[in-house]
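Please model the entire structure based on the sequences and the hints provided.
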Amino acid sequence: MQKAKSSAPAEPEPIERWTAQRKAAIILEVLKGQISVPEAARKYGFTQGDYRKWTDEFMRGGIEALKVNRKDVDSEHRTEVRRLQAKIGQLVMEKENETAKEALRIIPLDESEQRTIDSLLAKGVLATM
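Residues 1 to 129, numbered by this note's numbering, are exactly what the sequence shown covers, in order.
Simulated from the structure, these hints should not be mistaken for lab results.
List time: in silico DSSO-like cross-link candidates among lysine-lysine, alpha-carbon distance up to 30 Å:
| no. | residue 1 | residue 2 |
| --- | --- | --- |
| 1 | Lys-53 | Lys-32 |
| 2 | Lys-95 | Lys-123 |
| 3 | Lys-87 | Lys-123 |
| 4 | Lys-87 | Lys-101 |
| 5 | Lys-87 | Lys-71 |
| 6 | Lys-32 | Lys-43 |
| 7 | Lys-53 | Lys-43 |
| 8 | Lys-101 | Lys-123 |
| 9 | Lys-53 | Lys-71 |
Bear in mind that the values here come from a model prediction, so they are computed numbers and not experimental data.
Right, dumping it as structure tokens:
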């Protein structure tokens with residue numbers, strides 16, 4: 001004799017962590033009409049409120065907005081900002097040195113002023129001409 005199969009629906013497999021990829025896959029499955037929101041909620045074990053929150057985030061920023069740990073993205077932005085700020089500072093200093101050099105070519109210096117400039121050049125305060 002065969003055992004009768006239970007007609008109770010299978011329990012959803014517990015998801016330990018909802019990654020951005022898992023959330024996006026479910027959202028796309030619903031958007032494509034492959035499954036309804038209530039069916040997906042029962043199948044995967046989340047609430048319809050969770051789904052609404054995920055879709056709002058997804059629509060605002062795609063997969064990046066769904067990532068739990070955005071520290072890497074924020075850190076990359078901060079690093080890029082610091083790099084660009086350093087480059088701006090470098091370019092400003094180069095321009096200021098060019099302006100100072102041009103001024104020195106136009107304005108004749110007396111002996112004392114020339115010694116001061118030579119001293120600054122020796123210390124690396126001014127770039128060599």
